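So the sequence lines, in the order shown, correspond to chains A and B. For what it's worth, numbering that gives the first Met the number 0 labels the leading residue of the first sequence as 0, then goes sequentially. For what it's worth, numbering that gives the first Met the number 0 labels the leading residue of the second sequence as 0, then goes sequentially.
Think of the hints as simulated: they come from the structure by calculation, not from any bench. What you are looking at is a predicted structure, and each value in this text was computed from that prediction instead of being measured. A virtual CB, placed ideally from N, CA and C, is assigned to each residue, including glycine. Treat the hints with care, since some could be wrong.
Now the in silico label distances, taken between C-beta atoms and shown as ranges [as the list claims (entries may be wrong)]: (1) A/18 with B/288: 41 to 47 Å; (2) A/56 with B/146: 27 to 33 Å; (3) B/11 with A/55: 33 to 39 Å; (4) B/241 with A/7: 31 to 37 Å; (5) B/237 with A/55: 41 to 47 Å; (6) B/57 with A/118: 45 to 51 Å; (7) B/11 with A/18: 36 to 42 Å.
Dumping the calculated DSBU-like pairs for lysine-lysine here, alpha-carbon to alpha-carbon at most 35 Å [what the hints assert, rightly or not]: (8) A/203 with A/170; (9) A/203 with A/62; (10) A/203 with A/239; (11) A/104 with A/170; (12) A/203 with A/146; (13) A/125 with B/303; (14) A/81 with A/170; (15) A/125 with A/104; (16) B/303 with A/203; (17) A/122 with A/13; (18) A/62 with B/303; (19) A/81 with B/73; (20) B/303 with A/146; (21) A/104 with A/62; (22) A/104 with A/122; (23) A/146 with A/81; (24) A/62 with A/239; (25) B/303 with A/104; (26) A/170 with A/122; (27) A/170 with A/146; (28) B/303 with A/13.
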Amino acid sequence: MIEVRGLTKRYGAKIAVDGLTFGIEPGNVTGFLGPNGAGKTTTMRCILGLDYPDEGTITVDGKPYRDMAYPMREVGALLDAKSVHGGRSAYNHLLCLAQTNSLPKRRVDEVLELVGLTEVARKRSKGFSLGMSQRLGIAGTLLGDPKVLMFDEPVNGLDPEGILWIRNLMKALASEGRTVFVSSHLMSEMENTADHLIVIGRGKLIADCTMAEFIAQSSGAAVRVRTPSADEFTRAITAKGATVAADDDGALEVRGMSIEEIGDLAFTEGIRLHELAAVRASLEEAFMELTASSVEYRADVPGAQRPRPTIGSGV
Amino acid sequence: MAATTTTPGVQLSTLPPASGRAGLRGVLASEFTKLRSVRSTYWTVAALFILGVGIAAIAGAAIASNLQSNPVNKAGMDATQASIFGFFEFGQLVIAVLGALAITSEYSTGMIRTSLTAMPRRSVLYAGKLMVFTTVALIISLVTSFVAFFVGQSLLSGSGVAASLFHSTTIPANAIQNGGPQSVTFQGTDVISASTVLTAVVGTALFVTVVALIAFGLGAIIRHTAGAITSAIGLMFVVPIIVQILPNDWRWDIMRFFPDAAGRVLSVTVGPPNPHLWSAWPQFLVTVIFAVVLVGIGGYLFSKRDA
Chain A
0 MIEVRGLTKR
10 YGAKIAVDGL
20 TFGIEPGNVT
30 GFLGPNGAGK
40 TTTMRCILGL
50 DYPDEGTITV
60 DGKPYRDMAY
70 PMREVGALLD
80 AKSVHGGRSA
90 YNHLLCLAQT
100 NSLPKRRVDE
110 VLELVGLTEV
120 ARKRSKGFSL
130 GMSQRLGIAG
140 TLLGDPKVLM
150 FDEPVNGLDP
160 EGILWIRNLM
170 KALASEGRTV
180 FVSSHLMSEM
190 ENTADHLIVI
200 GRGKLIADCT
210 MAEFIAQSSG
220 AAVRVRTPSA
230 DEFTRAITAK
240 GATVAADDDG
250 ALEVRGMSIE
260 EIGDLAFTEG
270 IRLHELAAVR
280 ASLEEAFMEL
290 TASSVEYRAD
300 VPGAQRPRPT
310 IGSGV
Chain B
0 MAATTTTPGV
10 QLSTLPPASG
20 RAGLRGVLAS
30 EFTKLRSVRS
40 TYWTVAALFI
50 LGVGIAAIAG
60 AAIASNLQSN
70 PVNKAGMDAT
80 QASIFGFFEF
90 GQLVIAVLGA
100 LAITSEYSTG
110 MIRTSLTAMP
120 RRSVLYAGKL
130 MVFTTVALII
140 SLVTSFVAFF
150 VGQSLLSGSG
160 VAASLFHSTT
170 IPANAIQNGG
180 PQSVTFQGTD
190 VISASTVLTA
200 VVGTALFVTV
210 VALIAFGLGA
220 IIRHTAGAIT
230 SAIGLMFVVP
240 IIVQILPNDW
250 RWDIMRFFPD
260 AAGRVLSVTV
270 GPPNPHLWSA
280 WPQFLVTVIF
290 AVVLVGIGGY
300 LFSKRDA
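Isolated chain B, as found in the complex:
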């Protein structure tokens, strides 16, 4: 052991006098220190970025080469979605882990008892944790979404379908194949406005952030890492599958009430709206309501239960 002393004195410098009381400001600083000082944060952030951008790059290159040999596929090609679907699908999975861990790692390590001894006002601790995590998740999501979009589009440039955040783009709506693969007649056009693309890129990032908050809330309720991650993935990925296999006459009517539906509206920039779902932002509100309710229940239990 380093520098062993058997006769400790307690000669410490005098602390500056305190005024006010320990509050949110200190907790925000503390929670940011917690988040930046463990490796799991960097691993999850790296995984999110690499998956999101990597899949955008692979999809961009693959689609560009496919469009060269099969120009017929240019019709109705949603280049934006092609670039952000990797982030949208796998980003949810990865960030759900980060969201759950933000709370459950304190319980699994026992750190929660130390944290609550330092800051016994639990609602302040919970609020600080929530604010720091939301900010970090939002920034990572926005950066990943934009980078994925730009990387994907740059690989699609020259294929005539690349979307842009700065001007509207026009792609063929329909195509008719005449004999050989290169002999195609295009009919009609789809105009994709810059604001539609921006909604998709920003909306998907917001959606992934809110999914992280759903996992955060589940983490506070379940207090167990594996349980919280499993529940979040169940809610976002398994429940939709169960809904899919429900009888046709009513599954279409309940789809819109689940938190995953928003992602499928937000990431789409081409084609008619899905008749069974609300438009982008109302559908996003459903996801937000899930997050608010779960984070709220989590906060209530965080305050009321024995730690």
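Just chain A, same shape as in the assembly:
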């Protein structure tokens, strides 16, 4: 259980996090989403006491992180896989962490085995690939068998196998009743992993809801219709107050009517349908829509595809 209340953090004149409030429940994978520069890493650094908030309070299981008797037994956090001394072996890196929290040495061997680094345990981590570094970092988070786990952009730069491994690990950890809090700017990744979402943009909270709610609340829910009598059916639908947009391939995209209503309407109007399908907005679209105004560094690419204008504001 992580509770963030009114968190504000400035770096000089720049506000990185602006009055952020949210809570994270155990037993879930909670995704922490936002464009680059939205304040995800800053928020995580403040939770761990690495940075001092300018305002607000943060507790993990009711206590500030600093006041925990054995921090590693309660929280396992990996902000950056490269936050290790490259000259130290994987084994010694984990050993020096375990010693600070009086964790037994055998624990080091166990977590190395778990992440599959036993064979390179005595090698200096300087020579590790990003995937191996990521595994070493994750081994460190598991040393104390913590109830809460935090990962900042864990799949960044990983190959598909590594991504799958981390995805399964996070799900396994959550299924054991642990709190898993994972940030990403890759929506597609969250779609496969997270149950709950915290979305921020420019340091402010944009959404705090379940994955299903997040997708549903975006206005992207539409019905795709293909018919040889497109003009006629368009008139019938607009007469019912719904909106119709023509797709590039000639199909119609209907908003404001359920799939059942559209089917019934076609039947009563005697119009033949070749296709009738619900179009679910992807998380990617919902996210783009919600954060469109809060992207900090935007590059205008001529001809680049933008969120479709028919999608209205979701919040």
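Please arrange chain B on chain A, whose structure you already have, making use of the hints.
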């Protein structure tokens, strides 16, 4: 990649129940592991030992041969200083690197974020780091200083000027050259007590250790390896040069307020005391005060700044 698993389970053995809280004991063990598990520690320690003992050996052999051909130089010969000056001069340089790295390597590698996540009580982490580093630096310094002394003196034995830690030695105070190099008349004697020699050998080791702490403090303040090493060397070696070129009428009065001055008193066992400096231990206190202030500021900033 080794032993890839795509469906990880989290079957780990149960941890023994914890009592109390993570504290200094764990941090001391952890910091010792950190220090002994990187190569830079061994390189710097080896460099310190080889330079200190090597220069003592070279100086001992060179002086012994010089005294054979020019016995006049026996007068006022400070055999102790001849053996430990290499350790004193270059030891400062090398150990300043080790002191700075003790802190800055955590910042340059990003390890500090991992360390502080494991032990978020920063004053405990800083204190543990400081204690482990001080202990290691002190042991290395003492060993190097004593070995340098014994190696140097053994090469000087037989030349009549070798100092000893076990009994006082007597050397000629003045010499007059009569014609040829071997025709020398000695006048007066200097008696070097065993305790004076011990003060020089131990004091120099303590001085080098405290210089390491100055670098440690600068490391915590600057958080940048090159910056911290440069500042420490600047303070110990460049500032004294600047003081040297100041006007004569007042440079003598400010010399004693700089941390390098103690070394020049502590390593000397022969001759009258330098009138512009305090005696060995008060002068050493100046160096200690520099270290305490810098380590203190470093600790304060370590606790207060974003990591």
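Each hint tested on the structure:
Taken as a hint, the range 41 to 47 Å holds for the pair residue 18 of chain A and residue 288 of chain B, whose Cβ atoms sit roughly 46 Å apart. About 56 Å separates the C-beta atoms of residue 56 of chain A and residue 146 of chain B, a value inconsistent with the hinted range of 27 to 33 Å. The supplied range of 33 to 39 Å is met by residue 11 of chain B and residue 55 of chain A, whose beta-carbon atoms lie about 34 Å from each other. Taking 31 to 37 Å as the suggested C-beta distance range, the pair residue 241 of chain B and residue 7 of chain A does not conform, at roughly 46 Å.
At about 46 Å, the beta-carbon gap between residue 237 of chain B and residue 55 of chain A stays in the expected band of 41 to 47 Å. Residue 57 of chain B and residue 118 of chain A have their C-beta atoms about 47 Å apart, which keeps the hinted 45 to 51 Å range intact. Taking the beta carbon of each, residue 11 of chain B and residue 18 of chain A are about 39 Å apart, inside 36 to 42 Å as hinted. Annotation: proposed proximity of residue 203 of chain A to residue 170 of chain A holds, straight-line Cα distance about 27 Å (limit 35 Å).
Between residue 203 of chain A and residue 62 of chain A, the direct Cα distance comes to roughly 24 Å. Compliance with the 35 Å bound is thereby established for this hinted pair. Distance restraint check for residue 203 of chain A and residue 239 of chain A: the Cα-Cα separation of roughly 39 Å exceeds the 35 Å cut-off, and the hinted pair is therefore not satisfied. At roughly 27 Å between alpha-carbon atoms, residue 104 of chain A and residue 170 of chain A fall within 35 Å of each other, so this suggested pair holds. Simply put, residue 203 of chain A and residue 146 of chain A have alpha-carbon atoms about 27 Å apart, close enough for the 35 Å limit, and the pair holds.
Distance restraint check for residue 125 of chain A and residue 303 of chain B: the Cα-Cα separation of roughly 30 Å lies within the 35 Å cut-off, and the hinted pair is therefore satisfied. In summary, the hint linking residue 81 of chain A to residue 170 of chain A is supported, as the alpha carbons are separated by about 24 Å, within the 35 Å threshold. For the given pair, residue 125 of chain A sits about 23 Å from residue 104 of chain A by alpha-carbon distance, which is consistent with the 35 Å threshold. This hinted pair checks out: residue 303 of chain B and residue 203 of chain A have alpha carbons roughly 26 Å apart, not beyond 35 Å.
For the hint linking residue 122 of chain A to residue 13 of chain A, the alpha-carbon distance of about 41 Å lies beyond 35 Å, and the restraint is violated. Of the supplied pair hints, the one linking residue 62 of chain A and residue 303 of chain B holds, its CA atoms being roughly 20 Å apart against a limit of 35 Å. For the hint linking residue 81 of chain A to residue 73 of chain B, the alpha-carbon distance of about 59 Å lies beyond 35 Å, and the restraint is violated. For the suggested pair residue 303 of chain B and residue 146 of chain A, the alpha carbons sit about 28 Å apart, so the restraint of at most 35 Å is met.
The straight-line distance between the Cα atoms of residue 104 of chain A and residue 62 of chain A is roughly 27 Å, inside the 35 Å bound, and the hint therefore holds. Pair hint residue 104 of chain A plus residue 122 of chain A holds up; C-alpha atoms about 18 Å apart against a cutoff of 35 Å. A threshold of 35 Å between alpha carbons decides the hint, and for residue 146 of chain A with residue 81 of chain A the separation of about 24 Å falls inside it, so the pair holds. Restraint check for residue 62 of chain A and residue 239 of chain A: the C-alpha separation of about 56 Å exceeds 35 Å, so the hint is violated.
Taken as a hint, the residue 303 of chain B and residue 104 of chain A pair is honoured in the structure, with Cα atoms around 32 Å apart against an allowance of 35 Å. In summary, the hint linking residue 170 of chain A to residue 122 of chain A is supported, as the alpha carbons are separated by about 30 Å, within the 35 Å threshold. Between residue 170 of chain A and residue 146 of chain A, the direct Cα distance comes to roughly 14 Å. Compliance with the 35 Å bound is thereby established for this hinted pair. Between the alpha carbons of residue 303 of chain B and residue 13 of chain A the distance comes to roughly 20 Å, so the proposed pair stays at or under 35 Å and holds.
Hint violations for this structure: numbers 2, 4, 10, 17, 19 and 24, all remaining hints satisfied.
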